[in-house]
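J.: Residues per chain are reported as follows:
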Amino acid sequence: MSEAPRDIENLIELMAKLPGLGPRSARRAVLYLIRKRALVLTPLADAMAAVAETARECITCGNVSTANQCDICASEKRAVGEICVVEDVADLWAMERAGRFKGRYHVLGGTLSALDAVGPEDLGIPRLIQRVIDENVTEVILALNATVDGQTTAHYIAEELEGRCAVSSLAQGVPIGGELDYLDEGTISAALAARKRY
Amino acid sequence: MDWRDQGALLSVRKHGETSVIIDVFTEKHGRHAGVVRGGTSRKIAPILQPGAQIDVAWRARLEEHIGSYNVEPIRSRASVLSDRTALAGLNAVTSLLTFALPEREAHPALYRQTQAMLDLLGANEAWPTAYLKWELALLEELGFGLDLSTCAVTGSMDDLAYVSPKTGRAVSAEAAGEWADRLLPLPPDLLGGGSGARENVVQGLETTGFFLINWLAHSHGNKPLPDARARLVDRLKREARDEQIRADQR
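Protein sequences appear in the order of chains A and B. Our numbering runs 178 ahead of the 1-based position in the first sequence. Our numbering runs 241 ahead of the 1-based position in the second sequence.
These are computed hints drawn from the structure, not numbers from a lab. Keep in mind that the hints are not guaranteed to be accurate.
What the hints assert, rightly or not - Pairs of lysine-lysine, DSBU-like flavour, derived with a Cα cap of 35 angstroms:
1) B:Lys284 with A:Lys280
2) B:Lys407 with B:Lys374
3) A:Lys374 with B:Lys478
Stated by the list, open to error - Not the full set, but computed from the structure, chain B residues with beta-carbon under 7 angstroms of chain A:
4) Glu258
5) Gln290
6) Pro291
7) Ala319
8) Leu328
To be verified - Residues of chain B placed beyond 10 angstroms of chain A at every Cβ, according to the derived structure:
9) Glu344
10) Met398
11) Arg482
A virtual CB, placed ideally from N, CA and C, is assigned to each residue, including glycine.
For reference, chain A alone in the conformation it holds in the complex:
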């Protein structure tokens, strides 16, 4: 016999599937929600219902949106000649937090992976190339992770875009607050290769 009524057990099971939550923490969270029904549970349920109804992928860039086009693609204030390519929406949000980039984005939704048989078509790379042509893009900035898969994808895109527009990538090297003694030799050699004059 279960400890809680069936509906509540069902909610606990669903919550336990969320990242960072297991069965015990999901149980604690559900108990908290029930205790704070008016303050948290009802608004949370309303917000989730609203998002479930409206959330979709931006048809232009692949960002998460509640309309066909995301706020960034729809904004007239964003520069149209620059596209920043990111692996997923979390990376786009990280770039936006920095507040430096004023152009538009293209979310790949993953990286090329021989192991998982992820090819260029699965990542919307042909759609990116079409955007570069249609939107008269002058520069594509590859903001992909400094991992083997991320850089393999970056090199592939750079090759596909050769001759169509300028292609640049984020710098790699010593992070702010980083100490040389703790860096791996790959990071140090990348930093040395990308050194700049004072």
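Place chain B on chain A using the hints.
T.: Same frame as chain A, now just chain B:
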């Protein structure tokens, strides 16, 4: 059950929220998988990049269990990330080993050759020739070795120019005669000589590719070869074209 070894990391797959399953090509235990707890953490994830040389301590209750790894970095090989051809080479090596090697079967000779190959990537201009020889070694190690020492028809060691697609044996230009167009090319780079010109390497890769597909992949139920190898060949073809253009301009 526990042991400690060193090896090259071949692949990483997520396992649950915080763990990963890694495949490592070790010297004494061959291609061996294991779980790394906390493998997605900021501290460990940068170490777990394909191609990295790592020290692994494996532990499991029973031999047949997947077991868990404790991982220590030895060499990252991250310097190839900025070199697109070398990175394509690294992807081809790791994905072909994942594709071809049986699990938990030691291949010390291939292990040593793989180490040397990975260390050459990006560090030496001639690494594509070393890669070509590595593919030959991979075929040999798995029982599909080519016999390129003498001509299959005349027994001569001179003028070897082709490889028979049926037997994998060398054929001299003279013996090939009118059958030449049905044979595979045998560039000098496959024989241990040659200039390392990209065009020759590409020719050699077409020959090894034929046997990888028709012999090795056939024995794996005709599974397609990893895309990473095709991407490396495309990349080297592009370099061969560029070499040709530069030669024409001179």
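J.: Indicate, hint by hint, whether the structure satisfies it.
T.: Going down the list of hints, with the structure as the test:
Taking the CA atoms of lysine 284 of chain B and lysine 280 of chain A, the gap is near 32 angstroms; set against the 35 angstroms cutoff, the hint holds. Simply put, lysine 407 of chain B and lysine 374 of chain B have alpha-carbon atoms about 20 angstroms apart, close enough for the 35 angstroms limit, and the pair holds. Between the alpha carbons of lysine 374 of chain A and lysine 478 of chain B the distance comes to roughly 34 angstroms, so the proposed pair stays at or under 35 angstroms and holds. At about 6 angstroms, the closest approach between the beta carbon of glutamate 258 of chain B and any beta carbon in chain A falls short of 7 angstroms, and the interface hint on this residue holds.
Hint status for glutamine 290 of chain B relative to chain A: holds, with the closest Cβ pair at about 5 angstroms, below 7 angstroms. A least Cβ separation of about 5 angstroms between proline 291 of chain B and chain A falls short of the 7 angstroms threshold, and the interface hint therefore holds. Nearest Cβ of chain A to the Cβ of alanine 319 of chain B: about 2 angstroms, under the 7 angstroms cut. The hint holds. Taken as an interface hint, leucine 328 of chain B checks out: its beta carbon lies about 6 angstroms from the nearest beta carbon of chain A, inside 7 angstroms.
Interface exclusion of glutamate 344 of chain B from chain A stands, the closest Cβ pair being 15 angstroms apart, more than 10 angstroms. Consistency note on methionine 398 of chain B: stated as away from chain A, and its beta-carbon is indeed over 10 angstroms from all of that chain's, at 38 angstroms minimum. Residue-level check passed: arginine 482 of chain B sits 13 angstroms from the nearest beta carbon of chain A, beyond 10 angstroms.
In terms of the numbered hints stated before, the structure departs from none.
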